[in-house]
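Student: Here's the letter readout for the chains.
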Amino acid sequence: MFVLAGCDKYLDIQPKGRTLLTTVKDYDQWMNDPWLGEGFGSQIGITNYFADHVDFVNTPVPAVQPGELMYVWAPQFSSDLTSAPALWGEHYAKINHFNTVLLGIDDATGGTAAEKKRLRSEALLGRALEYFCLLNEYAKPYDAATATEDLAVPFVTSNDVTQVVPARSSSADLFKHIVDDLNEALTDLPVDNSSNRVRGSVAGAYSVLARVYFYSRNYSEAAKYAELALSNTQAVMINFNGTLPSSDLVSIRPDVIYGRYVIGNLPMTLDYMRSFLPGDLRVRRLYQSLDNYTFTTRGATSFVPLRVTPTLQYVNTGTSVQEMKLIIAENAARKNELSSALKQLDDIRKTRIATASYVPFQSTDQETVLKEVLLERYHELGCSGLRWFDMRRLDKENRMEAVHRYDATGKVIATLEAHSNKYTLQIPVQVLSFNPGMPQNPQ
Amino acid sequence: MYKFYTKIIVRPPGCIPKILLTMKLIVLFMTAFILQAGADVLAQKITLQEKNVPLGQIFNRISSQTGYDFLYTTSLLKNTKPVTINVRNMELREVLKKVFTGQPLDFIIEDQSVVVRQSPRSNLTVPVIEKGGTIDVSGRVVDAETGKPLYGATVLVKGKMQGGNTAPDGTFLIRSVEDNDVLVIAFLGYKSKEIAVKKELGIIRLEPNVSNLSEVTVAVNTGYQIIKPEQSTGAVSQISTKAYESRISTNFLDGLVNRIPGLMINNNVSFTSTTPGNTGSSSRSLFNIRGISTMSANQNPLIVVDGYPTELTLDMIDPNDIKNVTVLKDAAAATVYGVRASNGVIVIERKQAAAGKPLFDFRTTVGITPKENYKRYRYADNASAILTDYQKFIYSKSVNPDTWYLLSTIGSAESSARSPLYYLLAQSAAKVITPDQFERSYAALQTYDNKEEYSDVFLRAAATQTYNLKASGGNENALYYITTNYTGNRLQGINNDNNRWLISARSRFKLASKLSLELITDYQELRYNNAPVPGLTDLFPYERLRDVNGSPAYSTALSSLNPFYNNSIMGRGLEDALTYPLVDVNEIRDRNKTVNNHITANFNYDFGKGFGLTFGGIYENSHSDITHYASEFSSEARRYIDAYVTTNPDGTLKFNVPKGGYLRQEGVNFHSYTARANLSYNKKIGKDHSINGILGGELRNVVNKSNLASYFGYSNETLLQQPVDYAAITNGSLKGTFLSTSPFFGQYGSLFDQEYTEDRFLSGFTNLLYSYKDKYSLSGSVRIDQSNLFGTNPKYKYKPLWSVGLAWNIEKENFMRGLDWVNNIKLRTSYGFNGNVAKLSLPQVIAQYKVNLFTSPTSTALERLSYANSSLRWEQTKNFNAGLSYRIFKHINGTIDFYTKNSTDLLGNSFIDPTIGVSPSIINNASINNKGLELSLHADWIVRKDFNWNTGLIFARNTSKVLDVYQQGAYNPQTLNVLGYVKGYPVGALFAYRDAGLDKNGFPQVKNDRGTIYPTDNSVTGSGQDLILSSDTSGVVRYAGSSIPTMNAGLSNRIDIGRFYIFAMINYYGGFKVRVPAPNPTALRPIEGAEDYWRNPGDENRTNVPSLAALAGNAYNSIYAYNFSDRHIVNGDYLTLGDLTVSYSFDDKRFVKKLGFSHFEVKLQGSNLWTVGFNRFNYSPATGSFQKTYVTPTYTLALFTTF
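Residue numbers (my numbering), protein chains in the order written: chain A, 1 to 443; chain B, 1 to 1203.
Honestly, the hints are just simulated from the structure, not real lab data. Wrong hints could be hidden among the right ones.
Straight-line C-alpha distance at most 20 angstroms; calculated EDC-like pairs for lysine to aspartate or glutamate [as the list claims (entries may be wrong)]: (1) B/K193 - B/D143; (2) B/K397 - A/D106; (3) B/K850 - A/D407; (4) A/K25 - B/D436; (5) B/K775 - B/E717; (6) A/K16 - B/D1017; (7) A/K16 - B/D143; (8) A/K16 - B/E666; (9) A/K116 - A/D106; (10) A/K16 - B/E813; (11) A/K16 - B/E636; (12) A/K16 - B/D753; (13) B/K659 - B/E636; (14) A/K116 - B/E863; (15) B/K375 - B/E349; (16) A/K9 - B/E636; (17) B/K392 - A/D407.
Covered stretches of chain B (chain A as the covering partner; in silico rule of three or more C-beta atoms under 8 angstroms from a C-beta of chain A) [claimed, not checked]: (18) 87–94; (19) 343–353; (20) 531–542; (21) 888–898.
Note that the structure is predicted; figures quoted are calculated from it, not measured. Glycine included, every Cβ here is placed at the ideal spot set by N, Cα and C.
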């Protein structure tokens, strides 16, 4: 024992390259983990694989690989219990990361109270975005009437590996947690995040609130927050008629309010490609065509900005100026405030369609305007991972028809019927294996 | 009448060569230790017909018939009468009685020898000498260790012809001795003793002659302390040089397999668990002491070389250098090693010099292992046809007339490689080929199998060569031992080899009368050369490795691009990016050169009075240069180049990753030191008490450093490299125009990296042993470890590990006096704790620095290294051991041990709920119980001049049970088998579905324990089927047994006949189950039976292989039900003939002596000669895989010389 006494000094060495989270600076660098900047379904935004405008012509029948299984809306995407389940795994891993900040920041040393509050708010915002995705992936399309009954996902607030995972929250409860967290975050977030738009800002919290309300189909609240987001942000639209960004980093892309990045790479259906106007600059700036943009050969056209405009290779699955504008436009169209809707449409379309052939869209028919807004959303946000959430929302409003998948010979190999249970993902087997009692979604 | 005594029988043999007529010196030397073996007469039958033959000749006759040696001095025969005898098949003892009748002699049969003595006069138990002195001296001669009387010991008056032998109770009486005389008392196998005469000498203890003792009585070396075997309380097993070197070992661990009970080494059976920092499960082969009682990654025992734990690889231990190996198994033995001893300790003592003239030792071996014979594998004969049929099934709907065009069009998503069949289907759909051409090409794929071609181009016989030269010698003040070893291994795959150099110098200096120094320096160099040889099963069976001209062909299975797309990009000026396995094997090299230095210095200061001080330490330094070089001709370098080619505005190509080779260099540095000081006390106090204790402290520091750098456009010839924009290729802002892959995206850390860890430890320890009359021993040890490791929570900082042990030498009790055949019998028991602490887990999150390339400018970030774990506690193993050591009939010895190990709060890297985070993470909520029984037996059945037979037998049984474990999972075999630890079952429990054949659609069915049959054709989660298949109450899942052998046994036999010996090792592993692969037509290389899959209704009556639909894609309920069916679980027990070694020593040959050799021995060994598996497939895990039906033997030739 005498040998040991007083030897603590010998043992007290600072490790290199790794640390415990003790200072405010540590937490700030923790929030700077580039992994947090990755968009949902990273690294390619795999919820796009569920969407109705992708066409993997050469999918094996039956499908084998996880991506192929997603494409045909299979109930499960991987039976490998040792691999992390797609979507669920990444959302909760990030939630753990944010929970670490929420639980530890108050005891951190070395920073001001304001800095602690800012980091706390950023973590609340980040976590809310993850729960938003989970709510829209694993719970039924949001319906205020049944939300207290509908099962969402567990609301996890601990970061401890030995915690007992709570039961699935109801959609209403989870929705309330998300909204409360965002409102709480608002008070202490910084105004400007233009040096790194992956980090939180006031506008960022407003924009996520807008998105959350929008997908709960509370359009007026959504529009309210979208306006607030726009009025609080420095972000501006990118003009395809002007100069495109010189850097591919989403963290400094001008139109990003709260950024998340995935790589764009999807083969598109011929119908989708044909729905663009001839003068739409997005087609040649974002899509690569091997049939010279005639859209006659299946599998010849892909959304691969890298190949045509390398600086736009990353797709923002976070919020943007155009998303806020589309929310405002859709709410206006639904409220029959058509001039407002058309104004927002015009703002977007004039930056997307070649000036020479640009004609503002005009209509006085509410449904026509709404359809145009929806089409513009389809074009603008189609490959940002949100299309699947839009399909769920529109299906709820009976605006979706059955979606088919075709094999290379044109034979239907899978169908997503209107109002199908497949609009709600199954709880992954990897999760059920740890939570045998957890109720599964109806198949 | 006793005047003919000229000399004493027992003397160092070299002094009295003339007297020993019939025996060679060596025999006496060998029998010296045999003689103390117990009296036990074998039924030797003798036939003799002699008339008036001198007694000495009779002895020779009997000796040649029985092999019994006669021990006597010639002068003893002077007054004997010639013998006439006529016996047939009479027992030795009877014959001897006849022969000795009427002679002035007597005999004792001592083991395999007949000791001829003066016959005691009449009935007197005490031989009497009449001479002119005044004192009658009496006394009793006993074994100093056991206290047993020594019968027949000679007692002589020094310098006079006076004396006699002791009676059976050890007593003697010598009359009329002068008072200044000195008695010389001697007995074979004991050190002789001189005592001044006095009337009553009392008990005279003769010390056994240690150098002649057989191996069991070798002192126990714990690395810290040398303990007399009878005082040791711990469960300790040892293997000696002779036993170790009976077989030729070119690798240290191979020589220990099945030689030590409780040490399980099996390279053919793996335990699946997870290792830190990795996702997914990993397997490691078995290398454990007393079962698996920890979940953390390092389940290996602690290795101690020459007193200090080594951090270096086991490759660094030269098998020629082994003096003995001691395995410490229980708490009493191992607690002194502290937290690192929870998996047991292997203490290696290397050979040391002995004083004398310089001795040189040269050894060399060469071993050959023939290459694989795939004809004897269980692969389906028509593997290609089965696979093409399956691929046609899944791909026929996924091609259309446009596919062919897209396959070769730059920018198409169809650039990736599929299968040659897919290409044919695409060509067929586009009508590039006619149906007839398709059929012909299809048939060509179906009929070709590349396994022979693979073997021809990639494999060769493996070979191992070793050379070992040793020099040793010195005097009492300075001893040296210098050894050098070279081992070269040529592996089976071409261009794969490794070699090592070891140089070790060990010396001892007596610096002053009380101070000595032991100095050991080792220099070791290890080189590995590896080239990528693809596995046979990584290739499509129908792929050709060479084209029609014999040039290397590309492999579709290994390429990442399809060949048509590759043609297109080559047309644009890019490099050929297909994978040519036969090119890569020459153009890609992984080299690892490691240099280790190792210095140990130990000062010993003897204070006298039993006190000693040892202080010293070890310094280890290791440097590894690891290079990976892919030349400009390799597919790897070309893929990197092509992946980053962009088009300039003028249409020309820009090679952002320059043309040329790719080099990755890594330097790994390691150094550590341990400094130790300990005080020892080792003394016998009075007659009855002895104390052997140490008290010390230890300081340890371990530093690991590494750095990594990568270079492009590099050439090994010019040594030039070219600059690359690393930021752009790793943050993704630069991507190629032609390929969709970006191999370095997000991979900055795999191109450039620096690592540094430093761990420090401080420990205090004590181990005390008290022994009363050498009959009862009590031991106790305590150790405290502290370290800077993250896991050292102050709460547990001073928690000591401790143990106590008791030993009782029963044979020394009075009530055992009559049992002469019991030489030693000792009961031992011990109780104590071993522990372990997690290095990288804490109640808080541990984070690691990282560069964030996705901000502008780049910034510093922290990423998670480990999750917060609030339940972290000190891992603890409670050990109980009860054992018995015995030596009976003087030639049989062994041990029996029973133990329990209760491990609680085990730290393990477990899969965690994806709702919490990313697996795996360290958790410590598990408890495991291990129980076991170990037996060892060593017997020298026959020890004779020209014929020895000894047997070593070990048997160990270990059963484990997981009492508690944190993780919970669905109750189905696929989950349970991955978890590895399931509550209520052994570690590595194997589970299976109860098989119920196929249904009418070719889907497998399962049944429960009551026979109810359930289908598996619905793979929807949450469906009724799914619930049944994952439920612990439905009864469809059953425990099938342990996947880890619960029993192992080794039987070694060595028979020496003259200068020839033969050694054979038989291994047995049992008490476990194995899952054999299910024949599957969707496998890349299907095994036998796969072609027999369900095709049409009715097939379910003749086959168990499901339909393609049931085995493809998302049909995972049926896939699992089939793969994890109990039909595919068989008994794993197997037996191998591990080694068969024959040796011949030419020591007596003149030419050998002329050449200057004192020892010249040739050995030949076959290893892995034969195996049998006790199941319906005769599948033995020793073959390495189920597919292989035989073991590949290794033949080794060795030469051992001394000069």
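Student: Each hint: holds or not?
Tutor: Now the hints, each set against the structure:
1. Taking the CA atoms of B/K193 and B/D143, the gap is near 12 angstroms; set against the 20 angstroms cutoff, the hint holds.
2. Simply put, B/K397 and A/D106 have alpha-carbon atoms about 59 angstroms apart, too far for the 20 angstroms limit, and the pair is violated.
3. Straight-line distance between C-alpha atoms of B/K850 and A/D407 comes to about 44 angstroms, which puts the hinted pair past the 20 angstroms bound.
4. Between the alpha carbons of A/K25 and B/D436 the distance comes to roughly 71 angstroms, so the proposed pair goes past 20 angstroms and is violated.
5. The straight-line distance between the Cα atoms of B/K775 and B/E717 is roughly 73 angstroms, outside the 20 angstroms bound, and the hint therefore fails.
6. Of the pairs offered as hints, the one joining A/K16 and B/D1017 is violated, with about 54 angstroms between alpha carbons and a cut-off of 20 angstroms exceeded.
7. Taking the CA atoms of A/K16 and B/D143, the gap is about 62 angstroms. The hint is violated against a cut of 20 angstroms.
8. A hinted pair counts as satisfied when its Cα atoms are at most 20 angstroms apart, and A/K16 with B/E666 qualifies at roughly 19 angstroms.
9. For the proposed pair A/K116 and A/D106, the alpha carbon gap of about 7 angstroms is at most 20 angstroms, so the pair holds.
10. With a CA separation close to 62 angstroms, the supplied pair A/K16 and B/E813 exceeds the 20 angstroms bound.
11. Between A/K16 and B/E636 the alpha-carbon distance is near 34 angstroms, which puts this suggested pair outside the 20 angstroms criterion.
12. For the hint linking A/K16 to B/D753, the alpha-carbon distance of about 13 angstroms falls within 20 angstroms, and the restraint holds.
13. A hinted pair counts as satisfied when its Cα atoms are at most 20 angstroms apart, and B/K659 with B/E636 qualifies at roughly 12 angstroms.
14. Proximity of A/K116 to B/E863 is assessed by CA-CA distance (about 19 angstroms); at most 20 angstroms being required, the pair is judged to hold.
15. A threshold of 20 angstroms between alpha carbons decides the hint, and for B/K375 with B/E349 the separation of about 45 angstroms lies outside it, so the pair is violated.
16. Between A/K9 and B/E636 the CA atoms are separated by roughly 50 angstroms; this puts the pair beyond 20 angstroms, and the hint is violated.
17. Proposed proximity of B/K392 and A/D407 is supported: the alpha carbons are some 14 angstroms apart, at most 20 angstroms.
18. Against chain A, the stretch 87–94 of chain B contributes 0 residues with a C-beta closer than 8 angstroms to a partner C-beta. That does not satisfy the three-residue criterion, and the hint is violated.
19. Coverage of a stretch by a chain is defined here by at least three residues with a beta carbon nearer than 8 angstroms to that chain's beta carbons; for the stretch 343–353 of chain B and chain A the count is 0, and the condition is violated.
20. With 0 residues having a Cβ less than 8 angstroms from any Cβ of chain A, the stretch 531–542 of chain B misses the three-residue criterion, and the hint is violated.
21. Restraint check on the stretch 888–898 of chain B versus chain A: 0 residues with Cβ-Cβ distances below 8 angstroms, three needed, restraint violated.
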